[in-house]
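Engineer: So you can see what is in the structure, the chains are spelled out below.
There are 2 protein chains.
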Amino acid sequence: MAAHKTKVTIFDVAKASGVSSSAVSYALNGKPGVSDATRAKVLKVARELGWKPNGAAQALAQSKTRRIGLVLGYDPQLLAVEPYMMSLISGLGAELEKQDYSLLVRLSMDGDEEEGIIQDWIATGNVDALLLLNLEIGDPRIDLMKHNPQMPTLALADASLTAGLPTLTSDDAGAVGIAVQYLYDLGHRRIARVAGPEELGHSYIRDAAFSQITTELGMRYRCLHTDYTPEAGADATKRLLSVSSAPTAIIYDNDVMALAGESQAAVLGVKVPDELSIMSWDDSFMCEAAHPGITALHRDIVGSGRMAAQLMLKLINGEEVGVEEESPYALKERESTAPAPKG
Amino acid sequence: MAAHKTKVTIFDVAKASGVSSSAVSYALNGKPGVSDATRAKVLKVARELGWKPNGAAQALAQSKTRRIGLVLGYDPQLLAVEPYMMSLISGLGAELEKQDYSLLVRLSMDGDEEEGIIQDWIATGNVDALLLLNLEIGDPRIDLMKHNPQMPTLALADASLTAGLPTLTSDDAGAVGIAVQYLYDLGHRRIARVAGPEELGHSYIRDAAFSQITTELGMRYRCLHTDYTPEAGADATKRLLSVSSAPTAIIYDNDVMALAGESQAAVLGVKVPDELSIMSWDDSFMCEAAHPGITALHRDIVGSGRMAAQLMLKLINGEEVGVEEESPYALKERESTAPAPKG
DNA sequence: ACACGGCACTTTAGCGTTTCAGTAGCCGAT
DNA sequence: ATCGGCTACTGAAACGCTAAAGTGCCGTGT
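Chains as they are written, first to last, in the numbering used here: chain A, 10 to 352; chain B, 10 to 352.
Everything labelled a hint here was simulated from the structure, so no lab data went into it.
Incorrect hints may have been included.
The list cannot tell twin chains apart, which means a pair is met if one copy fits it or any two copies do.
[Stated by the list, open to error] No farther apart than 25 Å at their CA atoms in a straight line, the calculated lysine to aspartate or glutamate pairs in the DMTMM-like style are these:
1. Lys-53 / Glu-225
2. Lys-247 / Glu-297
3. Lys-53 / Asp-121
4. Lys-247 / Glu-344
5. Lys-155 / Asp-129
6. Lys-280 / Glu-329
7. Lys-40 / Asp-129
8. Lys-280 / Glu-106
9. Lys-107 / Glu-333
10. Lys-323 / Glu-334
11. Lys-73 / Glu-106
12. Lys-16 / Glu-334
13. Lys-155 / Glu-328
14. Lys-155 / Asp-236
15. Lys-107 / Glu-122
16. Lys-53 / Asp-109
17. Lys-73 / Asp-109
18. Lys-280 / Glu-297
19. Lys-53 / Glu-122
20. Lys-53 / Glu-124
21. Lys-280 / Glu-344
22. Lys-50 / Asp-129
23. Lys-24 / Glu-297
24. Lys-53 / Asp-152
25. Lys-16 / Glu-328
26. Lys-323 / Asp-152
27. Lys-16 / Glu-122
28. Lys-24 / Asp-129
29. Lys-16 / Glu-124
30. Lys-50 / Asp-119
Use the sequences and the hints to build the structure in full.
Structural biologist: Here you go:
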């Protein structure tokens with residue numbers, strides 16, 4: 010509890026307890042080789058001196074850092090505004106906390122830089138495992154990790170993109186089905202989608218599912234790809250609504266764009282939901298607070314974070330992990346969707 | 010580039026370059042003691058073998074981790090929805106990235122746990138510096154860091170709360186002045202504020218400033234404290250508007266509550282801005298996308314993150330840091346504010 | 001011709017743990 | 001009484017790096 014001017018090491022604790030440093034180590038780590046009495050004594054002394062094993066020394070000796078690596082794509086505007094990442098971090102962190110693991114976070118400006126960071130982690134051993142996010146089609150990171158199997162890696166992406174790497178996948182195609190069927194049942198026959206970047210893996214998955222299902226149901230379907238920003242969402246909305254025979258319903262790939270789209274519709278004098286139904290992929294407070302509230306495909310992102318953390322801990326433990334599935338999407342109906350207008 | 014089954018160390022590089030391990034170290038770290046020719050050779054070999062110094066060993070040898078610690082208060086709901094934290098992380102990360110520093114992130118469920126994490130960092134040396142956020146009045150962390158001056162610490166809080174610790178402060182009182190004067194000039198005489206938790210330092214600072222300025226200007230002022238969540242924001246709005254002689258303007262302590270408040274007003278049939286003006290503290294995309302757009306006190310949070318990172322790096326370098334000031338708030342006028350209604 | 005300083009290295013000693021290989025003492029079995 | 005096998009420890013090596021101290025060599029000034 011008291012402040013110490015000079016650094017206290019395991020030897021200080023050993024001396025103060027009248028044993029050797031190895032005894033202290035055994036005592037601290039709950040290993041056999043010390044009597045209950047000495048163990049208690051050592052722990053008491055350690056607490057009094059405020060000693061904990063030095064992280065670097067420990068990491069060096071057992072080549073375990075108790076850290077998990079996460080690279081965030083740098084786009085402060087988007088990162089900040091999209092609740093997704095922070096929710097995921099909450100879930101990851103909460104679960105890691107239980108096992109005294111930390112998150113090591115870096116920002117990357119682009120894909121090359123991210124690859125560099127990952128290679129750095131592989132070479133320096135600064136993390137015990139890492140999580141891959143936002144995979145693209147043919148993402149070079151997959152290949153990189155395939156060649157470095159000693160670094161436990163979990164991909165958070167559709168299993169079709171991860172080439173057999175341990176994966177936490179979500180049923181995006183199923184969710185597309187739910188959403189489209191819902192709109193179909195409301196009588197919509199011309200729908201549009203404001204999607205994320207085309208090269209992103211899950212855009213691709215959703216693209217394919219949308220095309221297939223709308224075709225099957227005989228609906229007209231149009232898709233605009235964006236960069237996920239609110240500006241792009243508003244702009245896409247304007248373009249979609251400016252043509253004759255505009256869609257009667259729009260599905261946005263994230264809630265930020267959905268909110269921006271709803272505002273844009275108001276600006277254009279298009280009434281939601283009477284003239285236009287709006288849906289969001291991913292649900293957050295924004296969908297709730299919007300006026301009218303936005304119908305959304307809800308999923309438990311914090312829960313996914315927790316799951317991802319557990320899977321990575323398994324991998325670190327040497328257990329096998331294949332493809333696991335996130336908890337499913339659920340449609341959350343609010344006021345932004347209604348039967349399609351006549352005509 | 011090739012994958013390696015067995016771990017490569019500095020000795021492998023040394024052998025392959027025909028020099029000793031220290032020569033490799035000197036070459037890599039740009040220190041004198043090796044010729045340009047050997048340096049080039051060593052670097053080439055290192056690249057070919059894919060070698061980088063092991064992080065733990067390096068940290069142990071020079072007691073520097075190149076990591077900065079950040080404890081996030083765990084409230085996934087709030088954390089995710091409030092763009093503040095993620096913006097800050099973006100700024101921090103971007104600046105740290107330049108110097109090859111990482112963020113070490115942990116989640117804490119409550120204050121005690123956070124103190125525990127900090128003590129752990131102090132004892133284990135797992136971070137080179139740390140950033141304190143969301144200080145409360147008489148926050149125990151201040152005392153803790155005062156007693157452990159060997160751990161460079163920057164507080165992101167009003168300087169009046171940090172007892173002389175290196176601090177990045179903001180002019181919250183000044184911002185209160187701007188906001189209140191603005192509403193006063195629009196003719197508002199009864200204003201209210203939906204604030205954050207009372208025990209939070211910056212709530213306190215703003216509370217004091219609001220009381221003082223509204224008194225000076227002879228305005229009626231009412232303040233409700235909340236937990237920052239959208240639900241609380243909506244609820245507070247309802248209560249404020251339900252009394253006779255309700256306020257003609259409400260200022261919210263964050264944009265999440267402002268958005269929720271605006272929605273609530275719509276539900277209650279109170280017209281914004283004709284019958285009620287709304288302002289938000291902190292500006293984000295939500296203020297922009299809301300309909301009507303919400304007038305806000307804008308500040309550059311990413312910039313603050315960058316500044317904080319720079320200051321922490323200075324501290325790590327042994328430089329003195331006193332009290333620095335964030336870039337000032339600026340009023341961003343949108344459609345949610347208008348002259349006070351007659352009567 | 002000779003000390004001298006500087007350069008380009010090498011050797012060695014940490015850094016603070018963990019862990020493996022002993023070892024001393026004791027107890028029970030022979 | 002002797003031996004084997006525990007238990008409860010100790011000593012020392014190993015982890016992979018950095019950095020201080022040491023060494024040989026060469027060019028220079030006198």
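Engineer: Compare the structure with each hint and give your call.
Structural biologist: The hints, checked one at a time:
no.: 1; hint: Lys-53 / Glu-225; verdict: neither (70 Å within a copy, 58 Å between copies)
no.: 2; hint: Lys-247 / Glu-297; verdict: both (23 Å within a copy, 17 Å between copies)
no.: 3; hint: Lys-53 / Asp-121; verdict: between (50 Å within a copy, 21 Å between copies)
no.: 4; hint: Lys-247 / Glu-344; verdict: both (21 Å within a copy, 21 Å between copies)
no.: 5; hint: Lys-155 / Asp-129; verdict: within (16 Å within a copy, 35 Å between copies)
no.: 6; hint: Lys-280 / Glu-329; verdict: neither (52 Å within a copy, 58 Å between copies)
no.: 7; hint: Lys-40 / Asp-129; verdict: between (33 Å within a copy, 21 Å between copies)
no.: 8; hint: Lys-280 / Glu-106; verdict: neither (47 Å within a copy, 46 Å between copies)
no.: 9; hint: Lys-107 / Glu-333; verdict: within (21 Å within a copy, 36 Å between copies)
no.: 10; hint: Lys-323 / Glu-334; verdict: within (15 Å within a copy, 45 Å between copies)
no.: 11; hint: Lys-73 / Glu-106; verdict: both (16 Å within a copy, 23 Å between copies)
no.: 12; hint: Lys-16 / Glu-334; verdict: neither (47 Å within a copy, 34 Å between copies)
no.: 13; hint: Lys-155 / Glu-328; verdict: within (17 Å within a copy, 44 Å between copies)
no.: 14; hint: Lys-155 / Asp-236; verdict: neither (29 Å within a copy, 46 Å between copies)
no.: 15; hint: Lys-107 / Glu-122; verdict: between (31 Å within a copy, 12 Å between copies)
no.: 16; hint: Lys-53 / Asp-109; verdict: within (21 Å within a copy, 38 Å between copies)
no.: 17; hint: Lys-73 / Asp-109; verdict: both (12 Å within a copy, 21 Å between copies)
no.: 18; hint: Lys-280 / Glu-297; verdict: both (18 Å within a copy, 20 Å between copies)
no.: 19; hint: Lys-53 / Glu-122; verdict: between (47 Å within a copy, 21 Å between copies)
no.: 20; hint: Lys-53 / Glu-124; verdict: between (46 Å within a copy, 20 Å between copies)
no.: 21; hint: Lys-280 / Glu-344; verdict: both (12 Å within a copy, 20 Å between copies)
no.: 22; hint: Lys-50 / Asp-129; verdict: between (42 Å within a copy, 21 Å between copies)
no.: 23; hint: Lys-24 / Glu-297; verdict: neither (61 Å within a copy, 63 Å between copies)
no.: 24; hint: Lys-53 / Asp-152; verdict: between (49 Å within a copy, 24 Å between copies)
no.: 25; hint: Lys-16 / Glu-328; verdict: between (38 Å within a copy, 21 Å between copies)
no.: 26; hint: Lys-323 / Asp-152; verdict: within (22 Å within a copy, 39 Å between copies)
no.: 27; hint: Lys-16 / Glu-122; verdict: between (37 Å within a copy, 24 Å between copies)
no.: 28; hint: Lys-24 / Asp-129; verdict: between (39 Å within a copy, 22 Å between copies)
no.: 29; hint: Lys-16 / Glu-124; verdict: between (37 Å within a copy, 20 Å between copies)
no.: 30; hint: Lys-50 / Asp-119; verdict: neither (53 Å within a copy, 30 Å between copies)
The structure shown violates the earlier hints numbered 1, 6, 8, 12, 14, 23, 30.
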